[in-house]
Amino acid sequence: MSLGSVPLKYKISIDRDQCMKCMRCVDNCSYGVYRIEDDKILIDSRKCTACHRCISMCPRDAINLQEKPVDYRSHPLWTAEAREDVINQARTGKIILAGMGNARDYPIIFDRLVLDACQVTNPSIDPLREPMELRTYIGKKPAKLEFTKNNGDVELKTKLAPNLKLDTPIMIGHMSYGAISLNAQLSLAKAVAKTGTFMGTGEGGMHESIYPYQNHTIVQIASGRFGVDINYLERGAAIEIKVGQGAKPGIGGHLPGEKVCSDVSCTRMIPLGSDAISPAPHHDIYSIEDLAQLVRSLKEATNWEKPVFVKIAAVHNVAAIAAGIARSDADAVVVDGFKGGTGAAPKVFRDNVGIPIEAAIAAVDEKLNEQGIRNKVSLIASGGIRNSADITKSIALGADAVYIGTASLIALGCRVCGNCYRGLCPWGIATQKQELVDRIDPEIGSENVANLINAWTLEISELMGAAGLNSIESLRGNRERLRGYMLDQGLLDVLKIESVGA
Amino acid sequence: MEPLVIDVKGMHYTPLNKIIREAVASGIKEIVLNNVLGQRFIGNGVRGDAKITINGVPGGDLGMFMSGPECEIFGNAEHAPGNTMDYGSLIIHGSAGDAVAHSMRGGKVFVKGNIGYRGGIHMKEYEGKRPILVVGGTSHAFLGEYMAGGLILVLGIGQEPTIQDRGIGSGIHGGEIVIRGDVNEKLLGVGAKKVEFNEDDLARLTPVIKDFCERFDIDSSQFLDTNYSRIIPASSRPFAGKYTWE
Ligand code: SF4
Ligand code: SF4
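Here the protein sequences come in this chain order: H and V. When the letters of the first sequence are read in order and numbered with the working numbering, they come out as residues 1 to 502. When the letters of the second sequence are read in order and numbered with the working numbering, they come out as residues 1001 to 1246.
Keep in mind the hints are simulated off the structure, nothing from the lab. Treat each hint with caution, since some may be false.
If you want the ones that stay clear, here's a sample from chain H, every Cβ over 10 Å from chain V, calculated [claimed, not checked]:
1. ALA62
2. ILE125
3. TYR137
4. ASN151
5. PRO256
6. ILE288
7. HIS316
8. GLY418
Below, a list of computed lysine to any residue pairs in the SDA-like style, where the Cα atoms sit at most 20 Å apart [unchecked claim]:
9. LYS165(H) to LYS47(H)
10. LYS11(H) to MET486(H)
11. LYS94(H) to GLY1241(V)
12. LYS1018(V) to ALA161(H)
Keep in mind it's a predicted model, so treat the numbers as computed, not measured. The beta carbon of each residue, even a glycine, is placed where N, CA and C say it ideally should be.
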């Protein structure tokens, strides 16, 4: 033990005058912070993850949590985190695993973008009395429409490609059963059915209890092909090929064996307790031509009735990759930015690899337009979208729709403690322990998630109205409605927007 | 019932697959495809118990997501026959390309000749479903990579040694790879280990060997001994020790 221990991350204390010894904190903490000895509640702060479960359940507001109660000698380079990571790795010799999204203090481009509003010359629109069109279609659009005239009747001659019809441009991204619990997934499924949108199943197959909501699901296939068979493909309203993920571009997924319980094993169709490894490359895809073959194979298997999406992580040459995807016969490209969440990722990836989604959307939209193929593919943005303003800005930068992930989990109780990979989530989200899973009532959970989607949809309408737009189509790629605030010229050029005041 | 015979010369794969799907759904048990030349995805996602005879060289992803039919191919097969196949069989009288039986989860793929790179990659099993890939000749590198279940058997007919390419079983965490003769340990990938092939193993595999040999009219007695190397995962959790918590 030459290295000794590092200081506590969080310090928990109980106001003993307030406490009524109801023991809810003891029961609620799955990390084992609290225990009872001789009728006294003892606290082991070292085990705390700041998940806030105890605080939110305490009827007396008696619990207090303090972050980093003891500090090191301050140093601008050798932050506490830098030092503690070194100590951790000197002790173990292993890769540090982390959960949720990028935890570094990078500037957030969304917060340096402001939306424009109408004043006198071009009046704004009141969504209370004017219809606002937020309906979004995801999929290929024809370059032009052709009609035939038949005895005065006009018929559409152009054959339209299958599209997903969304009542709002907000979808829920892929979080697999395995990474999250069944009750969490069920809450999301019920919520998207209520709000007329879609959710991703993740790369883990589809559990039977999701079947009633299958028309609102996008089934995912990753390199490991977990849970993938013809029935699974036929169930989804659309199919997504996962190539990359924002939280860990360039590496694959890995569900540790301890999370592969019996139900997860049957959904993924793998033995109980075995690791579910899906490495980064699909081993039948080594080029855009191979990708096109997989896209077509999925379409062929499902009678060319379903849109096929391709999800990639936002990286530097994302625009060229997306242009290749648009030519592969895919119907939508999903770009996941470097603030995207995950159940588990090597920390060094989560915090250092990838590019911000704002830049990626703009670059992809621009490239597809330049090449005259923007209609061939829809653009779905994800990775660190926190509110309706982020969504509105994403669409103004060129996205057709967004995927939200972490935000939908926060609507189920998640406090972003970042310990999802341990399988002990006290909110019943990132866990397969039945007693914890039971903490989510899918009815109530779905209400909360649906409320969030509805609230954001209302806000998007208001923002559009203020900008003088009554249809989401007119907002898409409308960078005239955006200005950069305190952004350098280089970034303004990438985003293709003007500075404030212009 | 008369077999449905189709001359597919110059035909695109989509109408072809539509005909196959409708025929199988309508109860036709035998389909013969003549002059096949590069049509991809034959049998893709088809469910049922029909027999499909393919005369010629099918294109990539033959039998992908297929569940039930038997395809017998009198010719070579391209990239990834048996990709994510659920159930059924592919009997290939020639050789096949890369990623043969990729993520296959049930049924069997028999290749009389050789296969390319990454054969049997991600093959997996669950409960009663145990996929089998048998190769009469040899395979290139990364055979059984990330294999999570099932059986790969390589007989090495006309090859000495059976396999000379590396990366056998890289990342394997389930299932077994059985290769005729001795395999140089240097060819094994990370996470794979070689164990003895014993009489019990032979008893287990004898029906598979006989089945394969009968299909291609090969004398099976020459393979019914314990002169094999058996390669299995060093652990079912190859990456369990790689990470520490934040
Ligand atoms: S939950 Fe609050 S009131 Fe109840 S025992 Fe814990 S600290 Fe005391
Ligand atoms: S899902 Fe659970 S474990 Fe993960 S960050 Fe949220 S509260 Fe913490």
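Hint-by-hint comparison with the structure:
1. ALA62: Consistent with the label, ALA62(H) stays out of reach of chain V, its closest Cβ about 29 Å off (over 10 Å).
2. ILE125: Holds, since 45 Å exceeds 10 Å.
3. TYR137: Given a closest Cβ separation of 24 Å, the condition holds.
4. ASN151: 31 Å, holds
5. PRO256: Its Cβ does come within 10 Å of chain V, the nearest being 7 Å, so this is violated.
6. ILE288: 15 Å, holds
7. HIS316: 27 Å, holds
8. GLY418: 7 Å, violated
9. LYS165(H) to LYS47(H): Distance ~46 Å between LYS165(H) and LYS47(H) Cα, so the pair is violated.
10. LYS11(H) to MET486(H): Roughly 37 Å between the alpha carbons, so the hint for LYS11(H) and MET486(H) is violated.
11. LYS94(H) to GLY1241(V): 8 Å, holds
12. LYS1018(V) to ALA161(H): 18 Å, holds
Of the numbered hints given earlier, the model fails hints 5, 8, 9, 10; all others are met.
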